[in-house]
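Student: Taking the hints into account, I'd like the entire structure generated from these sequences.
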Amino acid sequence: MLFELNDKDVYDIDLDYFNLNKNDIKNYNFINNNYDNMYDYNKLSSYENKKNNIDVENGYYLGNMFVDSYNPYKNYKPKRVNAYSEQQKMLLRIYELDFMLNDLNLYLDVNPKDNRVFEMFKKCSKELDMLKKKYYEKYQVLELCYDTKNRYTWLDNPWPWDGGYYV
Amino acid sequence: MFKYDKKLPYPVDIKKKDLKMAKYILTQFGGSNGELGAALRYFSQKFSMPTEEGKALLNDIATEELGHNEMICTMVNQLVSGASLKELENAGLASQYTEHGYGIYPTDSNGVPFTVSYFASVGDPIANLVEDMAAEQKAKVTYEHLIDLASDEDVIQPLLFLRQREIVHFNRFKELYEKYLSQGY
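Those protein sequences? They're chains A and B, same order as listed. Heads up: the first sequence begins at 208 in the numbering used here, then just goes up one per residue. Heads up: the second sequence begins at 429 in the numbering used here, then just goes up one per residue.
A couple of the hints might just be wrong.
Stated by the list, open to error - Computed cross-link-like contacts, SDA-like style, restricted to lysine to any residue with a CA-CA straight-line distance of at most 25 angstroms:
no.	chain 1	residue 1	chain 2	residue 2
1	A	K340	B	K434
2	A	K333	B	K434
3	A	K296	B	K444
4	B	K434	A	L308
5	B	K431	A	Y353
6	B	K431	A	L362
7	A	K329	B	A484
8	A	K333	A	N322
9	A	K340	B	K443
10	B	K483	A	R323
11	A	K330	A	Y343
12	A	K286	B	G551
13	B	K602	A	Y277
14	B	K566	A	K329
15	B	K444	A	D369
16	B	K445	A	Y291
17	B	K431	A	R323
18	A	K284	B	K568
19	B	K443	A	K329
20	A	K329	B	Q565
21	B	K434	B	A519
22	B	K443	A	L349
23	B	K435	A	N289
Everything labelled a hint here was simulated from the structure, so no lab data went into it.
Tutor: Okay, here's the thing in structure tokens:
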């Protein structure tokens, strides 16, 4: 078996990786769909991971992993994205992790000696890698080099600009 | 080289047609403060960055901006999807249709085509980074104008995301700029 994760673990693995407070996570993990409420950035201070100044759960929706530099516009509040099916939840998690990787990447470009952030970067990268392989195996290939199954599927719809499917 | 990921940086799924909004948002593809100019600006400037930090940062932000271009074009595409000619005319998009049909083409909101004179690359890291910081601020303000004009959450949320990215990029460029100043560049 190439992929070590089982279905149940896919959405839980981040807890261990990022040493988050499990009770906090319960309220907005990827199994629950309680994303209807507008995201309240005032709640940030109560989060366990605030000590890192990196908001693992909400950074993606803020567009900024570094909560101290988050800059709201007027009264607009970023919303969580809804994901319903297992496929959508996995894909959304890939979006989130890919974003986190990218944002930590830019930070590390200028602050390469920050080991705390580099450790997070490595954990994020590892989880993303496992999740992507699992997603490609089960649903759809998002990177050409993984299109190695029975049939050439790279050209298959949907493409990102088609909407709908892309959570 | 570049490799393509078959996904967007942030999901775009606009269900409601809005031709006027499409016309406004298009400027973030082909306008003076748009994502295409941003991607080309940092891509061009990376070759004259003097340190590893500078090469990496300019390279990586340029790459991210290309993804933002795809988001903007996706938004425009979905906002005009299924529009009749009459609707295009009423939204002031008839001349756009004349030139480009339902296709995507990099212009600003007034139909002025993209030009590389929107950005500079002067071979000096300080001068380049000061331009980059200004560019991020101008793009941020443009997103704010677009958010002011928008009413659909499906449109507002991706715009909020893209606006925040401008802030993050500004912060990174500023860090590098200050580092370079202290290093005597």
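Student: Taken at face value, is the distance from the CA of A:L362 to the CA of B:K431 at most 25 angstroms?
Tutor: holds, 15 angstroms
Student: Would the hint linking B:K443 and A:L349 be met if the CA-CA limit is 25 angstroms?
Tutor: holds, 24 angstroms
Student: Compare the distance between the alpha carbons of A:K284 and B:K568 with 25 angstroms, and conclude whether the hinted pair is satisfied.
Tutor: Holds - the C-alpha atoms of B:K568 and A:K284 are around 16 angstroms apart, at most 25 angstroms.
Student: Sort out whether A:Y343 lies within 25 angstroms of A:K330, counting only the CA atoms.
Tutor: Cα-Cα ~20 angstroms, so holds.
Student: Hey, B:K566 versus A:K329, does the alpha-carbon distance stay inside 25 angstroms?
Tutor: violated, 34 angstroms
Student: With the threshold set at 25 angstroms, check whether the alpha-carbon distance from B:K483 to A:R323 stays at or below it.
Tutor: holds, 23 angstroms
Student: Could you grab the alpha-carbon distance between B:K435 and A:N289 and see if it respects the 25 angstroms cut-off?
Tutor: Given pair B:K435, A:N289 holds - Cα atoms ~17 angstroms apart, limit 25 angstroms.
Student: Assess, step by step, whether the Cα of A:K333 is no farther than 25 angstroms from the Cα of A:N322, and give holds or violated.
Tutor: Holds, at roughly 16 angstroms.
Student: Verify the proposed pairing of A:K296 with B:K444, using a straight-line Cα cut of 25 angstroms.
Tutor: Distance ~24 angstroms between A:K296 and B:K444 Cα, so the pair holds.
Student: Does A:K329 lie within 25 angstroms of B:K443 when you go C-alpha to C-alpha?
Tutor: violated, 37 angstroms
Student: If you draw a straight line from the CA of A:K329 to the CA of B:Q565, is it 25 angstroms or shorter?
Tutor: Measuring from Cα to Cα gives roughly 31 angstroms; hence the hint is violated.
Student: Would you mind confirming whether the straight-line C-alpha gap from A:K329 to B:A484 stays at or under 25 angstroms?
Tutor: holds, 18 angstroms
Hint violations for this structure: numbers 9, 12, 14, 17, 19, 20, 21, all remaining hints satisfied.
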